[in-house]
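Q: Based on these hints, arrange chains B, C and D on the given structure of chain A.
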Amino acid sequence: MEKLEIDGASIALDDEGYLEDLSQWQPAVAEHLAAQEGIELTDAHWEILYLLRDFYSRFEHSPAMRPLVKAVKLELGEDKGKSIYLMKLFPGSPAKLGALLAGLPKPDNCL
Amino acid sequence: MIFSLVVQASPVQSQGAETALRFARALLASGHSIHRVFFYRDGIHNGTALASPPQDEANIPAQWQALAKEHQLDLVVCIAAAVRRGVMNEHEAKRYAKDNANLAPEFELSGLGQLVEACLVSDRVITFGGRS
Amino acid sequence: MSETSILILMRSAPYGSSAARDALDAALTCSVFEAPVTLLFMDDAVYQLLKNQSPAGIGQKNLNAIQQSLPLYDIDRLCVDQSALSHRGLSEEQLSLPVESVDAAAIARLMAEHTHVMSF
Amino acid sequence: MILHTLNQAPSNKACLESCLEAMAPEDSLLLIEDGVYWLQPPFRDLLPAEGKLFALTPDIQARGLEIALEQQVDDAGFVELSVSHDKVVSWF
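Residue numbers (the numbering used here), protein chains in the order written: chain A, 7 to 117; chain B, 86 to 217; chain C, 10 to 129; chain D, 2 to 93.
Next up, chain A with everything else stripped away, as it sits in the complex (with noise of 0.2 Å):
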């Protein structure tokens, strides 16, 4: 199993990386998991994820595509609040990926 050190402490993942525990998530958590994948965060990339920790933390599961975008939309517009959008952020699988930098467990409906 694989192990994140992050200042001294270790971070479990199970084998799709996501978080063993998830109360171990911080932003530096996310950051290490993004560049993992290449991807280096910005200002548009944190703004989705906590707004998948806000969902999470109201609805009590991890989105799958179609509802993920239709709260983007809802919170932070039309020009957001779409898949292409959303893809350029987190590549191939967003409520996947976009789910386990932020700490989630991974989505149970998705295709």
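Source of the hints: derived by calculation from the structure; they are not laboratory data.
There could be a bad hint or two in this list.
[Claimed, not checked] No more than 20 Å apart at the CA atoms, straight line, and that leaves these computed lysine to any residue pairs for SDA-like:
id	chain 1	residue 1	chain 2	residue 2
1	A	Lys112	B	Ala178
2	D	Lys88	B	His120
3	A	Lys76	C	Ala114
4	D	Lys14	C	Lys60
5	C	Lys70	A	Asp114
6	A	Lys102	C	Ser40
7	D	Lys88	C	Glu12
8	C	Lys60	C	Arg118
9	A	Lys102	B	Arg216
10	A	Lys76	C	Gln103
11	C	Lys70	A	Tyr62
12	A	Lys112	B	His120
13	D	Lys14	B	Arg216
14	D	Lys53	C	Glu12
15	A	Lys102	B	His120
16	A	Lys112	C	Ile75
17	C	Lys70	B	His120
18	D	Lys53	C	Ala22
19	A	Lys112	B	His176
20	B	Lys179	A	Leu25
A: Frame of chain A; chains B, C and D shown alone:
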């Protein structure tokens, strides 16, 4: 006609799984096709390879396996429901660092999307339940 | 019928069994596949919608939280059996989300209108 | 036109009541598993009229019930009913 069956009943504790099995046989005998049998909730226990009832009692999981072999049935076990209950194939056993896998090879682990897809392509979707 | 629609029929109270969670998970997945889905609450399932649930003490997730996300999944039609509510001395104001109250004839219509009915 | 199946014994009266509430006049009811006990005389009046009422023979025989119901069906009959109706709704 294209049918899909949803089995929510566990193989021993309620009758529903056996009813579903008989219905599946009758469907095939009347020339209808079964797109998929989706096992959800405690129904996922039908997928175990380890069921070992006494030799003079019905082995429902083994009967699904035999029927699947004979008719190339698509038997899909809900992955989230199964992994929660400790039923998994080699791949998931490895992922969760378990020593053993116990899903019979005739069954496939997949997501609830397979249930919805079955609804989209089937003329009839019939649920076989046990209580709660 | 051109579009396949799904009616999810729920009859169980929350927490005492996994039925409510399992039904909701199926409903959310329908939305991911863009299949129109309607939820129908009968019998003890009307208790699923009561406000102020707080299941941390029994180690379960809060159903109200998942329910609040339903509009984001475009699941907007929550139908509640009027007689199930009144039998239990409940009113719509006690529920966590806006619902459509349905009588026997409307329930029969719902079942007829949807392509498939999935029971939990 | 819907085929409703019901597998609960008379102790679960709410299950039958909800099923009957949801049934349209043109719908049919198929009693399976423990649902066949509803055919016993004390409960019979609650059920839809013959013509709209079916029961699964293996379940009646298994339980040692003597029931006078014209429309008993075997598994193949269950299949035919599910084809002749537009959909199947399960009550359990």
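Q: Which hint numbers doesn't this structure obey?
A: 3, 4, 8, 9, 10, 12, 14, 15, 17 and 18
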